[in-house]
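Q: Heads up: the protein sequence lines correspond to chains A and B, in order.
If you read the first sequence in the working numbering, its first letter stands for residue 1, the second for the next number, and so on.
If you read the second sequence in the working numbering, its first letter stands for residue 1, the second for the next number, and so on.
These aren't lab readings, by the way, just hints derived from the structure by calculation.
Some hints could be false.
[Stated by the list, open to error] Quick list of in silico lysine to aspartate or glutamate cross-link-like pairs, DMTMM-like style, CA-CA up to 20 Å:
id: 1; chain 1: B; residue 1: Lys165; chain 2: A; residue 2: Asp78
id: 2; chain 1: B; residue 1: Lys187; chain 2: A; residue 2: Asp144
id: 3; chain 1: B; residue 1: Lys165; chain 2: A; residue 2: Asp56
id: 4; chain 1: B; residue 1: Lys274; chain 2: A; residue 2: Asp144
id: 5; chain 1: B; residue 1: Lys278; chain 2: A; residue 2: Asp56
id: 6; chain 1: B; residue 1: Lys164; chain 2: A; residue 2: Asp78
id: 7; chain 1: A; residue 1: Lys211; chain 2: A; residue 2: Asp180
id: 8; chain 1: B; residue 1: Lys164; chain 2: A; residue 2: Asp56
id: 9; chain 1: B; residue 1: Lys278; chain 2: A; residue 2: Asp140
id: 10; chain 1: B; residue 1: Lys177; chain 2: A; residue 2: Asp56
id: 11; chain 1: B; residue 1: Lys177; chain 2: A; residue 2: Asp78
id: 12; chain 1: B; residue 1: Lys177; chain 2: A; residue 2: Asp144
id: 13; chain 1: B; residue 1: Lys275; chain 2: A; residue 2: Asp144
id: 14; chain 1: B; residue 1: Lys282; chain 2: A; residue 2: Asp144
Remember, predicted model here, so these are calculated numbers, not experimental data.
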Amino acid sequence: MNETEISIKNFSLYIENRQILKNISVDIPKNQITAIIGPSGCGKTTLLRSINRMVDLYTPVLAEGEIIINGKNVLDPDINLSLLRKNVGMIAQAPNPLPLSIYDNVVYGLRIHGIHERSALDTRAEQCLQSVGLWSEVHDRLKDPASQLSLGQQQRLCLARALAVEPEILLCDETTSALDPISARHIENELICLKNDYTIVFVTHILRQAKRLADYVVFLYLGELVEHGPAHEVFTNPQDPRTKAYLEGVFG
Amino acid sequence: MDRRIAEERFFKGLMYVSLFIVLGCLISVFAIVIIKGIPSLNISMVTETPHGGYYLGGGGGILNAIVGSLYLAAGAVILATIISIPTAWYLQNFPRSSRFASSTRILLDIAAGIPSLIYGAFVFLIMVFLQTEASLFWGIITVALFLVPLLTRAVDEVMQTVPKKLMDASYALGATKLETVFHVVTKQALPGILTAVLVAFGRGIGDAASVLFTAGYTDAIPVSITDPVATLPLAIFFQLSTPFPEVQERAYASGIILLVIVLITCVGSRYLSKKFTKYCVK
Ligand SMILES: Nc1ncnc2c1ncn2[C@@H]1O[C@H](COP(=O)(O)OP(=O)(O)O)[C@@H](O)[C@H]1O
Ligand SMILES: [Mg+2]
């Protein structure tokens, strides 16, 4: 039996009086890659952004139910968002380097969380850039603007930046969709290496990618959780006719 | 002929005409000021204060007004920036739908539309109430007062163009709103903020009405913030209103000096904002 990292219970979410997510309950296993799949507009991003409480950054939302991480409900209005997001990293759909140098991007989160000692920052920056395979490409130009990197490098930089603050969970929102196939594979391979130490939730609408990466699968359709289970079970023997149809490519 | 092609030609013609009017006005203003001013432009204009009888055609220059204007505009822009940037930061903390933020923005837009003379009159009332004299200090206050709404809105607009995905990157690492606005939004908006500040400097240095009652006028270079101070726009005004053609000519020469200062500011702002775009994300 696998340990649960994120426990979502009867979670519903409304934006502007429209119900976007409908009564979702699922336990996301620790140290595995969980793929959230489903056609576009079904609420994948919204669910992911609920887990680190980014949904309500720019728009007011109404949430019901619970999302439990380390015994705490992240929907609790009193939760320390800074610590939550330190623990739950996120890598966006399109690479979003900060308007800083490569080095300052990687250590941005460390500085936010109070680490300013130069040697500590240096060590951590090198470690994180190493672990995403970027160190050899950038070690001699750490002071250059991050925006000068190629898209694929930028996305790996974003991954390194997320790793720097030592989260337990990584949320990836179609993290490879803006990249060329080779860079995309790069990221995929790094995620596979990382899953020993991190719980990874990976949103994708590409079935083949989900099959390559996922240990556990969550299928969303029109804001509803239709089916979830270990990847091989869901992919080889889907229980719900909608999952079957989706896997056969009926909704594209 | 095809109606759509005719339309295309018509609007193209219209655009040429507008462009011609805009450029034509600009070039003729420059040309007139330069043609009329060049004969009286000499080195003592910018190195000497007015000698006795300057406004009757005597010797000297307008160094008092040049230095005065620089002091006044620099002081006012620094003060206005210190007030405007935190205000703009504060406005970023509200969602786009916020009623408070949008009414503040409307109020600032209205304030930016109020003629600077009114700000001058307002500060003059305060001065009368406090029974103080016109000085560099009150001039700075007045100019800062009419620059604050302009500058706040300009900085606010620049900050609003910062992509959400950059802010997301910062929030996702656990940064607070303040940290995000401080480190990310300001960094990304820096070239635009610099441009806004230097445009404000240009506005401040060129404004005559706001300092008419509040800054006073003197032939000496101010040595203290409580001294009255001469400004270039008023120097131009006083010289133009004399009946002597050679003094009027000096007004145009002073105009050239003012134009050059504003030009240097514009070029400087271009240069600086280029320099600070290095790290910005396109
Ligand atoms: N801020 C928002 N305001 C209004 N509707 C939103 C907002 N965010 C998401 N939605 C709606 O929620 C639904 C799910 O969106 P999303 O989670 O982005 O889907 P996915 O990532 O699966 O493509 C969509 O119908 C979208 O229009
Ligand atoms: Mg999405």
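Q: Now tell me, hint by hint, if it's right for this structure.
A: Tested hints:
{"no.": "1", "hint": "Lys165(B) / Asp78(A)", "result": "25 Å, violated"}
{"no.": "2", "hint": "Lys187(B) / Asp144(A)", "result": "15 Å, holds"}
{"no.": "3", "hint": "Lys165(B) / Asp56(A)", "result": "15 Å, holds"}
{"no.": "4", "hint": "Lys274(B) / Asp144(A)", "result": "16 Å, holds"}
{"no.": "5", "hint": "Lys278(B) / Asp56(A)", "result": "32 Å, violated"}
{"no.": "6", "hint": "Lys164(B) / Asp78(A)", "result": "24 Å, violated"}
{"no.": "7", "hint": "Lys211(A) / Asp180(A)", "result": "19 Å, holds"}
{"no.": "8", "hint": "Lys164(B) / Asp56(A)", "result": "13 Å, holds"}
{"no.": "9", "hint": "Lys278(B) / Asp140(A)", "result": "18 Å, holds"}
{"no.": "10", "hint": "Lys177(B) / Asp56(A)", "result": "13 Å, holds"}
{"no.": "11", "hint": "Lys177(B) / Asp78(A)", "result": "16 Å, holds"}
{"no.": "12", "hint": "Lys177(B) / Asp144(A)", "result": "26 Å, violated"}
{"no.": "13", "hint": "Lys275(B) / Asp144(A)", "result": "14 Å, holds"}
{"no.": "14", "hint": "Lys282(B) / Asp144(A)", "result": "15 Å, holds"}
Violation of the numbered hints given earlier is confined to hints 1, 5, 6, 12; the remaining hints are satisfied by the structure.
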